[in-house]
Amino acid sequence: MQTDILIVGGGVIGSAIAYQLAKYNLDITIVEKESDICMGSSKANSSMIHDGYNVDGSTLKGKLVLKANSYFENLCRNLYVPYVKNLGSIFVGFGDNDLKIMKEQINNGEKNGIQGLKIVGKEKLHQMEPNLNPNARFGLYNPNTGTINPFELNRALAENAVLNGVKVLLNTEVQNVIVRDGKVKAVQTNNGLIRTKVVINAAGLYADKIAAMVEKIDFEIKPRRGQYFLYDKKWGNLVKHAIYSAPTKVSKGMIILPTTEGNLLAGSNAESINDKENFATTFDALEGIYNNMIFHLFPMLPRNGEVITTFAGLRAVATGEDFIIDYAKTVKGFINVAGIQSPGLSSSPAIAMMVEGLVRDLHYDLDFTEKGNYRVDRPKPLILRDLPYEERNELIKRNPDYGTIICRCETVSKGEIIDAIHSPIPATNIDAIKRRTRAGMGRCQSGFCGPRVLNILENELNISPLKVTKKGKESYVLAMNNKDLSLQEGRRNYEKIEL
Amino acid sequence: MKKSNYDIVVIGGGPAGLAAALEAKRSGVKKILICERGSSLGGILEQCIHNGFGLQYFKEELTGPEYADRFIKKLEGTDIDVKLNTMVIDIFGKGRIIAVNRVEGVFEIETKAAILAMGCRERTREALTIPGDRPSGIMTAGTAQRYVNVEGYLPGKEIVILGSGDIGLIMARRLTLEGANVKGVLEIMPYSTGLIRNKVQCLDDFQIPLYLNHTVSCIHGKERLEGVTIAEVDKSLKVIPKTEKYIKCDTLLLSVGLIPENELSQKANIKLDSATKGPIVNEKRQTSIPWIFASGNVLQVHDLVDNVTEESEIAGRSAAEYINNQLIVRRKKISVTYTKSIGYVVPQFINFNDTKEKVIKFYMRVRHPDKNVNIIVKDNLGKVITYFKKDTVTPGSMLVLLVPISLLQDNLENINISITRG
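Protein sequence lines correspond, in order, to chains V and X.
If you're matching positions, the first sequence starts at 1 in our numbering and goes up one per residue.
If you're matching positions, the second sequence starts at 500 in our numbering and goes up one per residue.
By construction, these hints were calculated from the structure, which means they are not laboratory data.
Ideal placement from N, C-alpha and C gives every residue a C-beta, glycine not left out.
Where hints are given, some of them may not hold.
As the list claims (entries may be wrong) - Derived list of chain V stretches under chain X, where covered just means 3 residues or more per stretch with a C-beta under 8 Å from a C-beta of chain X:
#1 101 to 112
#2 275 to 283
#3 368 to 378
#4 385 to 396
#5 403 to 411
#6 493 to 499
Unchecked claim - Each pair of labels, with its calculated beta carbon distance range:
#7 X/Glu559 with V/Asp275: 56 to 66 Å
#8 X/Leu901 with V/Glu277: 36 to 46 Å
#9 X/Val602 with V/Asn481: 29 to 39 Å
#10 X/Gly576 with V/Gly236: 38 to 48 Å
#11 X/Lys741 with V/Asp275: 43 to 53 Å
#12 X/Thr742 with V/Pro299: 27 to 37 Å
#13 X/Lys839 with V/Glu277: 46 to 56 Å
#14 V/Val376 with X/Asp578: 55 to 65 Å
Using the sequences and the hints given, assemble the complete structure.
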């Protein structure tokens with residue numbers, strides 16, 4: 001196989017770069033080691049779009065987040081991504097020290113060219129957030145903070161890229177990068193050799209591993225784990241803005257906000273860990289987040305019960321804390337896009353533009369003329385629950401599967417699930433369908449729709465139900481046919497729990 | 500949008516909906532419709548292939564499908580309309596219901612009364628916020644029951660069950676019969692929450708251990724479940740340090756409680772009871788919105804389907820009385836209150852002077868197990884109206900109190916239910 005530009009990683013950064021470069025007459029391929037795009041840091045984060053008021057504007061990540069913000073509105077309109085631009089954020093203060101931090105942040109924001117920041121007094125604060133802890137004394141209000149559906153952003157970017165000719169190879173892991181005469185020639189994957197002129201390393205948590213395939217590197221990617229609570233939609237209206245808690249000894253300041261889908265998201269702590277696959281939640285962290293932040297700000301929120309789920313995300317933190325977006329030092333045609341931690345999601349459009357510049361500046365024989373048939377959008381995802389009844393009826397008339405409700409909690413039809421399975425980047429497992437359609441993202445957490453979604457996957461992919469997975473690889477949902485186990489020969493272990 | 504008219508629309512075709520519709524028909528209601536979101540009638544009974552159903556109602560021991568079949572057969576002899584694969588998505592105003600299916604699309608039904616019979620759902624691992632990884636191999640006991648009994652697949656080979664709810668106990672036996680190794684059942688409370696007969700027949704008879712005061716404190720496995728950490732808990736249900744132990748398993752089933760499915764009730768702005776998580780109803784199973792009735796597990800989670808049937812017959816009869824203007828309101832509405840040792844009582848109000856029912860059935864659960872107690876029903880002046888002696892009470896077994904209506908005086912405003920020892 002051969003391509004001009006090979007992007008390692010189908011997260012939001014790899015997908016944004018593919019989207020950016022897909023405008024031109026270039027041959028682009030994304031390789032993703034997982035069964036779906038959006039499986040690493042892009043999958044689990046605060047879903048916020050920051051304007052950068054509190055960043056250090058002299059850092060690369062500061063510059064990029066400040067540049068990126070104005071692009072989201074158009075991008076999300078073109079690609080049909082749920083985005084609330086002016087959700088607004090409030091950093092809530094209880095003590096005089098908080099006020100001091102706020103004033104510093106306002107100064108910083110002004111230095112960064114952010115407008116509209118202001119400190120609101122107690123009365124106004126509680127008008128804006130009627131359910132907030134009555135002891136909160138003031139708040140730093142920023143009207144520019146937004147929230148996005150991060151799965152949809154990632155998916156939309158990648159789908160647009162695919163529709164403009166980009167190839168996405170899932171379950172494809174880079175094993176080696178082949179360099180000759182100081183130039184990138186090819187990458188070796190578990191699915192064969194791909195010859196390429198350019199490699200863009202957007203491998204997230206593994207960007208150090210990929211970078212080290214071409215040269216000795218001076219950075220390391222260390223996962224910084226953050227844990228979150230996602231609350232039932234019942235609580236979605238409780239909080240009106242993105243609410244920050246003040247930084248404390250144990251945390252850098254956490255956040256609670258209504259999502260674009262109407263849930264409430266609360267988190268996260270920040271914990272440096274070693275294992276890049278450790279997406280586990282821990283009792284201590286969840287307790288800390290609940291007691292120090294959730295209960296502190298909105299005491300009516302329960303510790304469990306009306307919680308849809310808890311989850312952990314890993315931020316890909318590079319040595320030195322800043323983004324690393326640059327050529328490899330000794331190899332031509334290799335570009336690192338590493339250390340994309342917070343505010344990575346918010347910076348993604350600007351990161352992609354910067355990478356375009358780096359690719360152009362290679363002065364390779366690449367065709368940067370614009371595609372004649374370039375498509376700015378993607379097919380609008382059909383979300384029936386959001387449509388007026390008459391429109392739904394038209395759709396059901398055309399395709400009766402839109403009238404069969406599979407996920408009761410989120411009202412997702414069979415037709416929408418089948419659409420996701422046959423979308424530009426096919427959803428081939430239960431979680432991939434969940435991220436695209438919300439089937440299984442409601443209160444029963446797929447207790448009811450799980451077996452039905454499994455049946456649909458079985459039929460549409462024409463595979464045995466025993467091969468259907470939750471999230472790819474060995475994550476099979478079922479073990480075997482009934483009776484197969486009792487018919488197995490030999491004595492099996494019937495050890496019980498002994499205490 | 501297509502529109503149609505009915506006298507009564509029953510939402511849900513499980514045991515509650517079937518009994519309510521049949522009873523409404525027996526009471527002379529002409530146009531009745533059942534909307535069922537599944538592809539067949541019977542609801543959850545379809546997957547409950549074990550026996551033990553009907554001992555009270557039919558005085559014989561039936562399986563779930565057999566129990567459902569008795570009602571489905573009766574229904575076939577009536578002119579009750581049934582729409583399968585039909586999901587009600589909204590309910591509002593005075594008698595307006597919106598539903599969707601693949602044949603008619605989104606359509607509207609105008610009705611004089613509705614009976615909510617949507618049943619309940621299972622509490623999840625996620626709602627309990629059990630920490631750890633998020634692999635496959637974790638599911639509720641009811642989902643596993645569907646896979647095994649309806650779809651014909653085993654979810655795993657080495658199984659740990661969290662929670663001693665009845666479905667979990669039933670599945671412990673079922674999976675053992677299929678050749679899986681059920682390594683044990685853990686219950687965070689100091690008592691089993693399921694029926695005693697299920698503990699004996701499903702665990703004891705198969706030498707499956709039940710550990711009380713124990714829980715799963717962490718889940719391990721990146722792709723498929725590999726094991727769980729279990730631990731003992733103290734009186735406040737917190738994990739006791741150093742009691743943690745790793746147990747290898749490929750499947751974790753949860754049987755940690757059922758929650759009435761009241762998404763539609765909330766859309767209709769029906770008042771819910773924070774204790775039952777179901778609508779607040781009077782003795783006719785009428786909700787805070789007069790044309791909407793509710794019965795079965797959507798109202799309160801029952802232990803026995805027989806009680807669901809009885810309760811739904813009350814709702815069916817009452818909805819018929821409602822549309823025929825036959826309900827006679829009491830001079831004073833009686834509110835039902837209870838003391839702290841009681842978890843909940845249904846109904847929450849008594850509104851009518853009844854001519855048909857001679858007794859009012861109060862369903863209730865205690866908060867803690869106890870022995871040799873008196874359950875006392877008092878009026879607002881503290882005078883004992885009646886009382887019931889019980890040898891044993893436990894939260895896992897619903898209590899039914901039969902109070903003759905003749906004991907409820909005309910000027911009564913409140914009755915209070917309490918428990919005393921001895």
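(message) Does the beta carbon distance between X/Gly576 and V/Gly236 stay inside 38 to 48 Å, or does it fall outside?
(response) holds, 46 Å
(message) Please verify the coverage claim for the segment 275 to 283 of chain V: does it have three or more residues whose C-beta sits within 8 Å of some C-beta in chain X?
(response) Holds: 6 residues of the segment 275 to 283 of chain V have a Cβ under 8 Å from chain X.
(request) Could you say whether the range 36 to 46 Å given as a hint is met by the Cβ separation of X/Leu901 and V/Glu277? (result) Once the Cβ atoms are compared, 59 Å apart, the range 36 to 46 Å for V/Glu277 and X/Leu901 is violated.
(message) Tell me whether the statement that chain X covers the segment 493 to 499 of chain V is true, taking a Cβ distance below 8 Å and needing three residues at minimum.
(response) It holds: at least three residues are needed, and the segment 493 to 499 of chain V offers 7 whose Cβ sits within less than 8 Å of chain X.
(request) Test coverage of the segment 101 to 112 of chain V by chain X using CB-CB distances below 8 Å; three residues minimum. (result) violated (count 0)
(request) Evaluate the given range 56 to 66 Å for the C-beta pair formed by X/Glu559 and V/Asp275. (result) At roughly 58 Å between Cβ atoms, V/Asp275 and X/Glu559 fall inside 56 to 66 Å, so the hint holds.
(message) The hint says 43 to 53 Å between X/Lys741 and V/Asp275; measuring C-beta to C-beta, is that right?
(response) Violated, at about 25 Å.
(request) Could you say whether the range 55 to 65 Å given as a hint is met by the Cβ separation of V/Val376 and X/Asp578? (result) Since V/Val376 and X/Asp578 have Cβ atoms about 57 Å apart, the given range 55 to 65 Å holds.
(request) Starting from the range 29 to 39 Å, see whether the pair X/Val602 and V/Asn481 falls in it by beta-carbon distance. (result) holds, 34 Å
(message) Verify this for me: three or more residues of the segment 385 to 396 of chain V with a beta carbon less than 8 Å from a beta carbon of chain X.
(response) With 5 residues close enough to chain X, the hint holds.
(message) Quick check on a hinted range of 46 to 56 Å for X/Lys839 and V/Glu277, using CB atoms only.
(response) Given a distance of about 48 Å, which is inside 46 to 56 Å, the answer is holds.
(message) Closer than 8 Å Cβ to Cβ for three or more residues is the test here. Does the segment 403 to 411 of chain V pass it with chain X?
(response) Per the Cβ count (6), the hint holds.
Of the numbered hints stated above, those contradicted by the structure are hints 1, 3, 8 and 11, listed in ascending order.
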